[in-house]
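Chains as they are written, first to last, in the numbering used here: chain A, 153 to 286; chain B, 23 to 566; chain C, 92 to 423; chain D, 18 to 278; chain E, 257 to 438.
Any given hint could be a false lead.
Unchecked claim - Derived, one-sided and incomplete: chain B residues facing chain C with beta-carbon distance under 8 Å:
| id | residue |
| --- | --- |
| 1 | Ser107 |
| 2 | Gly197 |
| 3 | Gly232 |
| 4 | Ser334 |
| 5 | Gly369 |
| 6 | Arg432 |
Claimed, not checked - Calculated pairs, DMTMM-like style, for lysine to aspartate or glutamate (alpha carbon to alpha carbon, straight line, at most 25 Å):
| id | chain 1 | residue 1 | chain 2 | residue 2 |
| --- | --- | --- | --- | --- |
| 7 | B | Lys385 | C | Glu402 |
| 8 | B | Lys268 | C | Glu407 |
| 9 | E | Lys362 | E | Asp314 |
| 10 | B | Lys175 | B | Glu67 |
| 11 | B | Lys267 | C | Asp320 |
| 12 | A | Lys199 | C | Asp320 |
| 13 | B | Lys267 | C | Glu403 |
| 14 | B | Lys268 | C | Glu402 |
| 15 | C | Lys252 | A | Asp262 |
| 16 | B | Lys54 | E | Asp334 |
| 17 | A | Lys202 | D | Glu55 |
As the list claims (entries may be wrong) - Here chain C is said to cover these stretches of chain A; the calculated rule only asks that three of the stretch's residues, wherever they fall, bring their Cβ under 8 Å from a Cβ of chain C:
| id | region |
| --- | --- |
| 18 | 166–173 |
| 19 | 188–202 |
| 20 | 224–234 |
| 21 | 261–267 |
If you are wondering where the hints come from, they were derived from the structure by calculation, not from laboratory data.
Don't be surprised by glycine CBs; every beta carbon is placed ideally from N, CA and C.
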Amino acid sequence: MASKILFDKGKVIAGIVIFLALLTFPFIYNLGKAAPAPEPELTPKAKAAKVCVRDTEYMNKEHMQLLDVWRDTSVREGKRIYVSPNGTAYEMSLSNTCLDCHSNKAEFCDRCHNYASVDPYCWDCHIDNPKEAQ
Amino acid sequence: MSEMPKPKEVLSGLDHRPPRKGWMDTPVDIRKGMYCYAANPKSVEYLGLPHAREWNPLDDDWKLPENWQEILHKGFKERLDRFRSIKVFMDICVRCGACADKCHFFIGTGDPKNMPVLRAELLRSIYRNDFTLSGKIFGKLSGSRKMTVEVLKEWWYYLFQCSECRRCSVFCPYGIDTAEITIFGRELLNLLGLNIDWIATPVANCYRTGNHLGIQPHAFKDMLDFFVEDLEEMVGVKVEPSFNKKGADILFITPSGDVFADPGTYTAMGYMLLFHYLKERYGFDITWSTYASEGGNFGFFTSHETMKRLNSKMYAEAKRLGVKWILGGECGHMWRVIHQYMETMNGPTDFLEEPVNPITGTKFENARSTKMVHIAEFLADLIKHDKLELDKSRNDHLKVTFHDSCNPARGMGLFEEPRYVIRNVCNHFYDMPANTIREQTFCCGSGSGLNAGEDMELRLTGALPRANAVKYVHEKFGVNMLACVCAIDRAALPTMTEYWVPEVDVTGLSELVANALIVPGQHDRTTDLRGEDLPGREEEEDGE
Amino acid sequence: MNVNYMFSLVAVLVLILLAYAGAGAAGFTTFFGVFIPYLALVIFIGGFVSRVMDWARSPVPYRIPTTAGQQKTLPWISYSYTDNPSSNAGVVLRMILEVLLFRSLFRNTTVEVKDQKLIYRLEKWLWLFALAFHYSFLTVVIRHLRFFLEPTPFFIVWLEKLDGFLQLGLPGIFLSGFVLLAATLLLLARRIFSPKMNYISLASDYFPLILIIAIAATGLLMRYVAKIDVTAAKELTLGLATFRLAVPEGISGLFYIHLFLVCVLLIYFPFSKLMHLGGIFMSPTRNLANNSRAVRHVNPWNYPVDVHTYEEYEDEFREKMVEAGLPVEKGA
Amino acid sequence: MEKSRRSFLKIAGVAALGLGAKPAIDVLAAGGGTQEPEPALVRGPQAMTAQQWAMVIDTRKLKTSGDLEPLIEACHKIHNVPKMPKKNHEIKWIWEDEYGHVFPNLHAEFVDESVEHRPFLALCNHCENPPCVRVCPTQATFKNSQGIVTMDMHRCIGCRFCMAACPYGARSFNFFNPEPYIEHVNKEYPRRMKGVVEKCNFCAERLAVGKMPACVEASNRAMAFGDLYDPESEVREWIRSNYTIRRKQNLGTSPSVYYII
Amino acid sequence: MPLEKILETYKNAILKRWFEAVAQTYPAETARFLQGQQDPFANPVGGATRTSLEGIFDQLAGDLAVDMDIEAIAAHLDPVIRIRAVQSFSPSAAVGFVFFLKKILKEELGQESRGRSELLNRLDARIDDTALVAFNIYMKCREKVFQLQSNEMRNRTFSAFQRAGLVRDVPEDDPDKNNPIE
């Protein structure tokens, strides 16, 4: 008696609707939104510098690791100078080196961080834009 | 056991280790003492069930019908369409192993195929092969296999080593119920005439005469009359049970085991004394039926259809006699059938009244549709409202523990009522350890039609976990009486205790109540219902 | 050596190589990045729904809850509201406990006799592993929504904060990923090393476990070791969710392996025991109230059966009944 | 394309090898440019070093609160130390205190009046045997190679064990986000967040670029600063030629701040 | 050191191996369960076996100068044999575990047993005696099983027949007492 009807129809359908709603949530949530991958914007100063402390591909993936190494060595070992592979020396300071060039947090940092839903607490202490008041 | 073991296997147990093989590669070994005899063809035939024949489980040839595989496949398919439980249970087991060591047969026999998960896998392996895509593509890797005579024999052997007690189901995260799977598997086996005699013959008898033993109406009455004499001697009052009485208040149905086998007979005498008391004191009229003289329903162990056929008598008789509602005696699977199946199968029950206890005025709300009340519920209500005069001290020589029978426990939830009754009729009550009672209760090892003589080893090993807990309270508190609310328990547990804990005897709830009951007009009772002297009361009588 | 888990292990390795060869060496990134995920989603949704519908096409003829507590009877006996529910509300609670807390697995207790006293201990390893596995998996899945939603909604941000509360390491460690890997490894070890579990386990038990282990491992590798370009990855995944397909350059092959394994899991899901996700809601021993005697349950295929009627009975035994003084319907 | 293909192969290799392949992972962790020379992490050229930085305060030259004020101000200003409105929320790196509090074990009923009413500067003593370092569960507080007891704010979990351990009360806890209470933010030095402990760091950031600590610089030679183990240093010179005491010396923490009375 | 003392020191190691060996007489999956599950109510077979083996060992390793207490040995043997008598063991397998002890003793005692052959022989003889007692108990249990079978059969039918008036009381002097059914 292979039946075509559903038993407990109401409950089963309700369950399936909930299941589908959960699964299709991303499609509905994003409906009509174009959300292209963000391009970090460079300040004139950064543009002029052409290179960061390391190459862009490395910075893209590893900047957090680099900053981690920086903060550790400067705070704990007292070494405060970073000589990059190409021989340029930089002060290992988020406030005074990184944010000096990339003083546009909203356009440079936040875009990607927001996009990737990463919320580091660097700026709780390190100043957003050291030069902005001057 | 018949084979002579090789010397190496006997003494070098230290080195000897059977080669590790998967369960599918281990053929079934039907062992003496672990199986029941094949169904008597006459019984199968009487019920009109298919493929009645003489066959022997130990023979190679089971004389199967030619198209037996087709029959099974069709039967399987039909049942998948009828029972969501089977379909879901076939699909969702993750083999987490939670059930594996919860089965009393696994614990007692040590046979790994008695792990509930494997018992179900025996059927699932065929399900995957016959009904799923992955089974067809991946074959053995997906855990599927083809149906062969070997597999069929394995099914038969292990499906009749399950007492449908549902203990594993309590622990399963998805509630997969091995009882459901066993019921289903046995239904399939019955399509091929592969029942056991300890089920088939009682079913045939019950169908014809109303009870398992095939006791004919006049003999049934004779037996109760026999109890009347006993009661007159021991209590000093003449009880007058009524039979097939039209217009009685209620119809009473209990398993016939209580009528013909000790110690169930004492429980039956307990009922009779109680009904006499209610009649004398409150004019409450309860009648017995010879037509529906069986509460137990071995059809439940055969197929849903057979269960329904046997069960139909209860409502038919209640309707014919015009009673208000039905009172049910102490029985295990009888109550699973009444509670979870009866009204669905043979209802609706508009010819009966919603059960009310006229003595206390209590409405049995939980039974308002099925209109059948458990005697423990009834007794608890009477005692709570102080409607029974009781002399607890008459049970003082007993130290009682209570065995929760599987079906009322896990198919109903009857835990407090019997304990309440026992506490009110006995002064010494001790529960067994918590993981062996209530919803975790261990089976007597003989349920679901396995209470035969020939599978004694199976029953004794299956009862070991229960016996072990009884032994504990016996040693710790001196418990000497095991109370229960199930006729199979009363039939099986005395054998079990005699082997494992000989100092402990078995009783029904109503027997304990009747022992304590002060019946109007009784003489000084010096014995219990078993005719045994009550310690401390026998001296006066000695003078005679 | 057990053919069941060796097969599963090899199968997962082959899948990894397939994704590596396909998306990496051969450069079929669109196939692996767009086509397969859509296919997987369609099969998953279609398969899941059809399986549930298939179950629903079979009725529940009898009300057969497993009662694991005192029934509701006389008003003065307190009953077990969730373990033996008598109402739909109780059933809902029971299901919640079952689905969210694995109530039944939590029943495992063990007793020891010490100095004539019983000591009960909870035996909860299975419960703990299972709970750890399911919850960490759920957390990981929800966290991954950040790749499919723009802007990332607040609840995911909260969940990430909670999951990363230890603020260890860089990138900040999400506990759930490690718990997931650890729990699946333990569940696998249990299957391999416990003879009891080994005996009952099939290839279809090992395969999903090993697959999930591989998914967790590749995920952890991408986050902590061989980092990928997250922005590019999100561009691809968000593209899937907005139907603006884009396969950016320079996404690591590890990403495609991870994505492919997830797709395989989704495709495998509806045809396997993983359907217990849906099945647990359909289990008649858990999702019904124990009120069978109070409310009649209807069986849609209840068909009439042969019965032995009273008339037939009396006809056979009338003489003996009359002789014994039993009342009869028709005069003898 | 060539490059990404190569890195792809490596990554796939790691995936196949599983998590156990430490060497392969190390190669990967170094990023794409294995041919490039390793970056170097070094001290700055003007950095001053010492085995154990120490300070001597000539209390004779700092007679009034007015003398101390600019020193404290100099420190707190460059380190973004907030001015909390409530006394018990106060954050302080260097502060003024009375004789009896600073030297409780030297206190007697009758003492030199000039000493008794003189205000004393108190700050972290940068002990050679610092109890606060021992109790820190995350090693946020540590003693660096120059003998400075300093803090790695990134690691502080706010458990405040160090505050309980410090006998000098040199540590303050941020019960609130300090930002609104900082008058002029020095953007070259980080702020702190709610829930961390802070204290004087002997101006480690200034020493690294060859500058003396801010308070010393502002003290108009009322304070000396230098390496305690360099016999030629100014601190040793001052200690040699004056009677100095240290705070709670009997506790055995061996403070590096000396007071000329 | 007297042999009894040595046995005392090795007791735990010997018992552990003995129990393992007995557990190995079950299928592998079951063996692990018997050894692993400590709850005597969830694992009555393992629990009873463990207790029995220890009791037997204590008797065996008691004062070797006097005769072994057969009654006590029997009391300790009873629970484990009672179980094995109804499990699917051949009679030899059901009682043969007693002999496992011989091999385990030899291996465990090793060097210690040198020069004590007389006492060791006596220990050996005790093990043989124990095995014989075990066989007696086994037979008693088997007889009990058969007796239970026939009792049940009789109880079920006899009382029913009796109450149905189908049984005629046997006169006191009737020689054919064993066949009460007409």
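Each hint, compared with the structure:
Contact between Ser107(B) and chain C, as hinted, is supported at the beta carbon level, the nearest pair being about 5 Å apart and thus within 8 Å. Restraint check, Gly197(B) versus chain C: the minimum CB separation of about 4 Å is within 8 Å; hint holds. A hinted interface residue such as Gly232(B) counts as satisfied when its beta carbon comes closer than 8 Å to some beta carbon of chain C; here the least separation is about 7 Å, so the hint holds. At about 5 Å, the closest approach between the beta carbon of Ser334(B) and any beta carbon in chain C falls short of 8 Å, and the interface hint on this residue holds.
A hinted interface residue such as Gly369(B) counts as satisfied when its beta carbon comes closer than 8 Å to some beta carbon of chain C; here the least separation is about 5 Å, so the hint holds. Checking Arg432(B) against chain C: minimum C-beta separation of about 6 Å stays under 8 Å; hint holds. Distance check on the hinted pair: Lys385(B) and Glu402(C) sit about 33 Å apart at the alpha-carbon level, beyond 25 Å; violated. Taking the CA atoms of Lys268(B) and Glu407(C), the gap is about 20 Å. The hint holds against a cut of 25 Å.
This hinted pair checks out: Lys362(E) and Asp314(E) have alpha carbons roughly 17 Å apart, not beyond 25 Å. Of the pairs offered as hints, the one joining Lys175(B) and Glu67(B) holds, with about 22 Å between alpha carbons and a cut-off of 25 Å not exceeded. For the given pair, Lys267(B) sits about 87 Å from Asp320(C) by alpha-carbon distance, which is inconsistent with the 25 Å threshold. Note on Lys199(A) and Asp320(C): the hinted pairing holds, with a Cα-Cα distance of about 22 Å set against a maximum of 25 Å.
Taken as a hint, the Lys267(B) and Glu403(C) pair is honoured in the structure, with Cα atoms around 19 Å apart against an allowance of 25 Å. Between Lys268(B) and Glu402(C) the alpha-carbon distance is near 15 Å, which keeps this suggested pair within the 25 Å criterion. Between Lys252(C) and Asp262(A) the CA atoms are separated by roughly 17 Å; this keeps the pair inside 25 Å, and the hint holds. With a CA separation close to 23 Å, the supplied pair Lys54(B) and Asp334(E) stays within the 25 Å bound.
Straight-line distance between C-alpha atoms of Lys202(A) and Glu55(D) comes to about 21 Å, which keeps the hinted pair within the 25 Å bound. Counting residues of the region 166–173 of chain A whose CB lies closer than 8 Å to any CB of chain C gives 4, which reaches the minimum of 3, so the coverage claim holds. With 3 residues having a Cβ less than 8 Å from any Cβ of chain C, the region 188–202 of chain A passes the three-residue criterion, so the hint holds. Using a Cβ-Cβ cut-off of 8 Å, 0 residues of the region 224–234 of chain A lie near chain C, which falls short of the minimum of three, so the contact claim is violated.
Figure legend: the region 261–267 of chain A, annotated as covered by chain C; annotation consistent (3 residues with Cβ-Cβ distances under 8 Å, at least 3 required).
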